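Each chain, letter by letter, is given below.
Protein chains: 2
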Amino acid sequence: MRQIVNALGRALPEYIEGYGIVRPFNGAFATLPAMTRQAPKVKRMQPGECKLADSLEMVFKRIPVTDGMTLSFHHHLRNGDHVVNMVLAVAAKLGLKNLKVALSSVFPVHAPMVDHMQAGVVTGLDTNYMSGSVAAAISRGVLAQPVILRTHGGRARAIECGQLKIDVAFIAAPTADDYGNLNGISGPAACGSLGYAYPDAEYADWVVAVTDHLVEYPLTPVSIPQTRVDYIVTVESIGDPQGIVSGTTQITRDPVGLKIAETTAKVIQAAGLIKDGFSFQTGAGGASLAAAHYVRQMMEKAGVTGSFVLGGITGYMVEMLAKGLFRRLIDVQGFDLAAVRSLAENPNHMEVGADFYASPFNNGCAVNKLDAVVLGATEFDIDFNVNVVTGSDGVIMGGSGGHSDAAAGAKVTIVVANLLRGRLPVIMDKVLTATTPGETVDVLVTERGVAVNPRRTDLKEKLAAAGLPLRDAIELKALAEKIAGVPNKIATDERIIAVIEYRDGTIIDVVRKV
Amino acid sequence: MRQIVNALGRALPEYIEGYGIVRPFNGAFATLPAMTRQAPKVKRMQPGECKLADSLEMVFKRIPVTDGMTLSFHHHLRNGDHVVNMVLAVAAKLGLKNLKVALSSVFPVHAPMVDHMQAGVVTGLDTNYMSGSVAAAISRGVLAQPVILRTHGGRARAIECGQLKIDVAFIAAPTADDYGNLNGISGPAACGSLGYAYPDAEYADWVVAVTDHLVEYPLTPVSIPQTRVDYIVTVESIGDPQGIVSGTTQITRDPVGLKIAETTAKVIQAAGLIKDGFSFQTGAGGASLAAAHYVRQMMEKAGVTGSFVLGGITGYMVEMLAKGLFRRLIDVQGFDLAAVRSLAENPNHMEVGADFYASPFNNGCAVNKLDAVVLGATEFDIDFNVNVVTGSDGVIMGGSGGHSDAAAGAKVTIVVANLLRGRLPVIMDKVLTATTPGETVDVLVTERGVAVNPRRTDLKEKLAAAGLPLRDAIELKALAEKIAGVPNKIATDERIIAVIEYRDGTIIDVVRKV
Chain Z
0 MRQIVNALGR
10 ALPEYIEGYG
20 IVRPFNGAFA
30 TLPAMTRQAP
40 KVKRMQPGEC
50 KLADSLEMVF
60 KRIPVTDGMT
70 LSFHHHLRNG
80 DHVVNMVLAV
90 AAKLGLKNLK
100 VALSSVFPVH
110 APMVDHMQAG
120 VVTGLDTNYM
130 SGSVAAAISR
140 GVLAQPVILR
150 THGGRARAIE
160 CGQLKIDVAF
170 IAAPTADDYG
180 NLNGISGPAA
190 CGSLGYAYPD
200 AEYADWVVAV
210 TDHLVEYPLT
220 PVSIPQTRVD
230 YIVTVESIGD
240 PQGIVSGTTQ
250 ITRDPVGLKI
260 AETTAKVIQA
270 AGLIKDGFSF
280 QTGAGGASLA
290 AAHYVRQMME
300 KAGVTGSFVL
310 GGITGYMVEM
320 LAKGLFRRLI
330 DVQGFDLAAV
340 RSLAENPNHM
350 EVGADFYASP
360 FNNGCAVNKL
370 DAVVLGATEF
380 DIDFNVNVVT
390 GSDGVIMGGS
400 GGHSDAAAGA
410 KVTIVVANLL
420 RGRLPVIMDK
430 VLTATTPGET
440 VDVLVTERGV
450 AVNPRRTDLK
460 EKLAAAGLPL
470 RDAIELKALA
480 EKIAGVPNKI
490 ATDERIIAVI
500 EYRDGTIIDV
510 VRKV
Chain X
0 MRQIVNALGR
10 ALPEYIEGYG
20 IVRPFNGAFA
30 TLPAMTRQAP
40 KVKRMQPGEC
50 KLADSLEMVF
60 KRIPVTDGMT
70 LSFHHHLRNG
80 DHVVNMVLAV
90 AAKLGLKNLK
100 VALSSVFPVH
110 APMVDHMQAG
120 VVTGLDTNYM
130 SGSVAAAISR
140 GVLAQPVILR
150 THGGRARAIE
160 CGQLKIDVAF
170 IAAPTADDYG
180 NLNGISGPAA
190 CGSLGYAYPD
200 AEYADWVVAV
210 TDHLVEYPLT
220 PVSIPQTRVD
230 YIVTVESIGD
240 PQGIVSGTTQ
250 ITRDPVGLKI
260 AETTAKVIQA
270 AGLIKDGFSF
280 QTGAGGASLA
290 AAHYVRQMME
300 KAGVTGSFVL
310 GGITGYMVEM
320 LAKGLFRRLI
330 DVQGFDLAAV
340 RSLAENPNHM
350 EVGADFYASP
360 FNNGCAVNKL
370 DAVVLGATEF
380 DIDFNVNVVT
390 GSDGVIMGGS
400 GGHSDAAAGA
410 KVTIVVANLL
420 RGRLPVIMDK
430 VLTATTPGET
440 VDVLVTERGV
450 AVNPRRTDLK
460 EKLAAAGLPL
470 RDAIELKALA
480 EKIAGVPNKI
490 ATDERIIAVI
500 EYRDGTIIDV
510 VRKV
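Chains as they are written, first to last, in numbering that gives the first Met the number 0: chain Z, 0 to 513; chain X, 0 to 513.
The set of hints was computed from the structure by calculation and includes no laboratory data.
If a hint is listed, it holds; no wrong ones were tucked in.
Which copy is meant is left open, because identical chains are indistinguishable; a pair holds if it fits in one copy or across any two.
Calculated pairs, SDA-like style, for lysine to any residue (alpha carbon to alpha carbon, straight line, at most 20 Å): (1) K40 - F28; (2) K50 - K410; (3) K164 - T35; (4) K322 - L336; (5) K488 - V394; (6) K96 - A118; (7) K42 - G26; (8) K322 - T304; (9) K50 - N367; (10) K50 - F28; (11) K164 - M34; (12) K164 - A38; (13) K42 - G161; (14) K265 - V303; (15) K461 - M297; (16) K410 - Q45; (17) K42 - G504; (18) K92 - A110; (19) K40 - R61; (20) K274 - V214; (21) K40 - T505; (22) K410 - N452.
Owing to the predicted nature of the structure, the values given are computational and were not obtained by experimental measurement.
I would like the entire structure built from these sequences, with the hints used as guidance.
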């Protein structure tokens with residue numbers, strides 16, 4: 000197979016079996032759409048027709064679900080999800096083969112999928128993030144076809160643009176009415192926003208709601224409307240609340256993490272962003288929350304009112320909204336009970352779909368309006384490229400999620416990382432797997448100094464003026480290697496186990512079997 | 000031209016110049032969709048790009064708007080609308096010709112459109128209702144091509160199914176942010192729901208928001224999202240509040256109207272519908288409100304809680320929601336200030352698009368869930384067909400709006416009419432213009448008796464048991480003719496000035512020039 004080289008210098012085959020023709024990554028903003036939106040078949044539902052189905056099996060037969068179809072799922076029930084396993088068990092029971100699973104993120108709870116992969120029930124996977132035994136099994140090569148790893152915005156784009164064609168979307172619905180209006184804010188498995196399921200509901204050929212909480216028509220608010228739902232199946236339980244939402248998320252107590260967080264806040268301040276209208280995204284981890292905490296103190300001190308917080312929402316953001324530090328929360332996913340309650344009660348807490356959040360191919364997604372985003376990294380390189388897909392051992396242990404999307408959209412993108420991860424340097428010449436391109440990353444904050452992307456001379460001047468401890472990325476790399484030595488190169492074979500799509504649908508990298 | 004005859008016995012040409020091939024009406028539930036959804040071109044909006052345009056003229060040039068395009072508009076600003084006239088004035092100034100206007104309803108304020116029609120700027124019109132000088136001019140034959148008259152649900156269907164292809168949607172937006180999130184609940188021209196603009200925003204090739212109230216990003220709630228809006232133009236005023244919403248809508252004091260209203264409520268009661276979960280639609284006119292008032296008294300007496308009120312919303316419905324008589328309002332259009340305020344404040348007051356309200360071609364619209372609807376008629380015939388398009392003189396003075404949609408969806412469809420309209424019988428052998436087919440109409444209530452559609456023997460038995468004054472439609476017709484005589488037949492020529500599409504896209508009738 001002839002190889003091509005993309006804009007990050009990654010060698011790729013021209014064609015990947017099980018994926019198709021490779022369009023090489025060509026720069027974060029270079030690829031323009033040249034297609035029309037996915038156009039599913041138009042439906043008709045006569046007055047009096049009933050959408051309630053007795054069982055998943057009945058729905059499989061009515062549609063009918065056949066070999067080779069793509070079944071999609073959202074991940075809002077996270078590690079408490081019962082629906083994916085339930086649906087795939089029916090598929091296995093009915094003897095279906097060669098199904099492709101399009102699940103926005105894969106969690107440890109989805110371990111039974113490995114058996115279905117081994118049995119040939121599931122032979123394809125399309126996801127934005129994966130962890131647990133499915134990720135491990137795929138890294139070992141359980142799937143003949145490579146898994147397709149997308150970003151949260153890229154998945155929405157792929158669905159809307161017809162590149163990820165969904166035959167049947169199974170939508171876990173914490174609350175539903177009998178005509179298919181769905182939301183996530185109440186019911187025993189309440190999860191908050193259903194944002195990642197919006198594109199599936201809009202563009203799948205068939206939409207099946209799976210619920211354990213059927214209420215009187217009409218349900219309000221409507222996250223997914225009746226006009227797109229074909230069937231409703233009631234089951235005993237769609238998910239385990241313990242695994243769906245955490246009680247509260249805590250700010251880190253690790254002194255190194257706190258130092259990095261404080262420096263991060265100072266970077267945001269030095270960039271001149273702590274002013275009225277400030278908009279912000281950060282993760283739900285303890286270190287990210289710590290950064291939010293320092294930013295909040297600065298906002299309070301300066302008396303500024305921010306515009307919005309975006310992305311995955313935690314109780315900490317809910318508190319900032321309630322205290323008037325920000326005017327809005329834009330919520331594509333809630334992480335804790337406080338986020339679920341706030342979405343239900345506060346009209347300034349907006350629920351949006353993955354397309355609104357982060358798709359690069361529409362009339363403007365919310366990440367485009369971000370001032371600052373704070374992101375993590377498992378590897379970082381001197382060209383500012385980030386790896387959040389593979390660990391230092393080359394095994395898949397994550398995925399972009401909204402990483403590349405927010406990085407591309409925000410005015411200032413900050414990656415935070417300890418210089419060492421375990422006993423290995425985080426910073427290197429070339430990340431093993433490129434996930435987020437360096438041109439969209441502005442600043443690296445470590446406990447030993449701050450590196451600014453050479454493209455951002457404007458920002459570098461501001462941070463220098465503010466007295467931040469600036470270093471070249473190459474210096475930071477040398478510092479890390481001085482402590483931990485130069486890591487051995489990972490040996491991989493030729494077999495591609497994952498294709499990493501950048502948010503615009505070009506291929507930024509592939510993962511080869513270790 | 001060979002003629003064909005549709006299921007109501009109406010003779011139609013096989014092909015109508017300016018419309019296309021005629022698909023004859025074949026029964027209200029007989030036509031199934033056989034197409035995919037309209038698939039507009041996918042867009043990209045880079046971070047930092049600005050959507051604000053200095054003027055409509057600039058937007059016309061940037062898109063660019065060219066001869067022969069279809070420009071769409073919603074009618075939520077009713078007789079206070081400034082936007083249609085503003086946009087067409089720019090089109091005229093730029094020398095554009097042969098534009099088609101797709102405006103969900105035409106009001107007297109749109110009179111300047113007649114000049115644009117005479118000048119050849121506008122040569123096509125697609126609407127659901129029209130009144131004022133545009134309707135009069137079209138009846139006189141100002142347009143070479145026939146106007147296409149649709150239902151509210153049918154317009155949504157035609158847009159979603161690609162039969163009404165919109166090049167540019169101009170959306171009058173009472174409030175907008177700088178990235179194109181729009182709603183109708185605040186601003187000087189607040190009109191409430193923007194439901195009729197939803198399909199336009201979703202499927203037009205270009206979407207231009209026109210606003211006089213630009214607020215900080217992000218606007219909540221979002222009726223039309225940023226992901227679909229290309230440009231935002233700020234103008235001095237999008238509409239005159241006096242013409243947009245009425246202060247309050249009053250119940251009729253006419254004793255005949257009150258009698259009909261009371262009988263109507265008794266029909267609903269006798270049909271066994273006054274029980275928990277009752278759902279209801281009625282118009283905003285004084286007689287319809289009176290029917291709602293009698294229904295309300297029955298509900299209060301029986302202590303029942305209704306499910307929802309649907310359609311155009313008035314202060315009277317708002318009051319019933321506030322008092323707990325209904326659990327929800329499903330609002331595609333607000334008629335008065337109370338409706339606007341309630342939509343802004345009450346989470347049980349839902350805003351929905353025209354597709355959710357009434358499109359026959361999706362996975363189930365809200366009219367399908369209606370128990371009872373009360374509708375008007377300008378003519379009614381012994382086969383229960385209704386005319387709401389032409390007056391007794393054959394001149395266009397209305398349109399279906401949601402008439403045919405609600406009639407098709409509701410369990411019990413009641414048409415109310417005085418036996419005489421002016422000095423002419425309302426009931427006749429054949430309505431001049433068939434708008435809503437008799438198979439979807441169950442009961443006619445007049446001041447001289449109640450006629451039940453012979454198809455509904457079940458209903459007839461119930462109404463008889465309740466002691467309602469039942470009469471055959473033929474008897475009522477005879478009664479009317481005894482008072483007023485047999486009206487002269489209207490003389491029309493061959494020229495077709497309007498094509499009346501049933502909600503499913505088949506042709507139920509045409510209007511010929513008087």
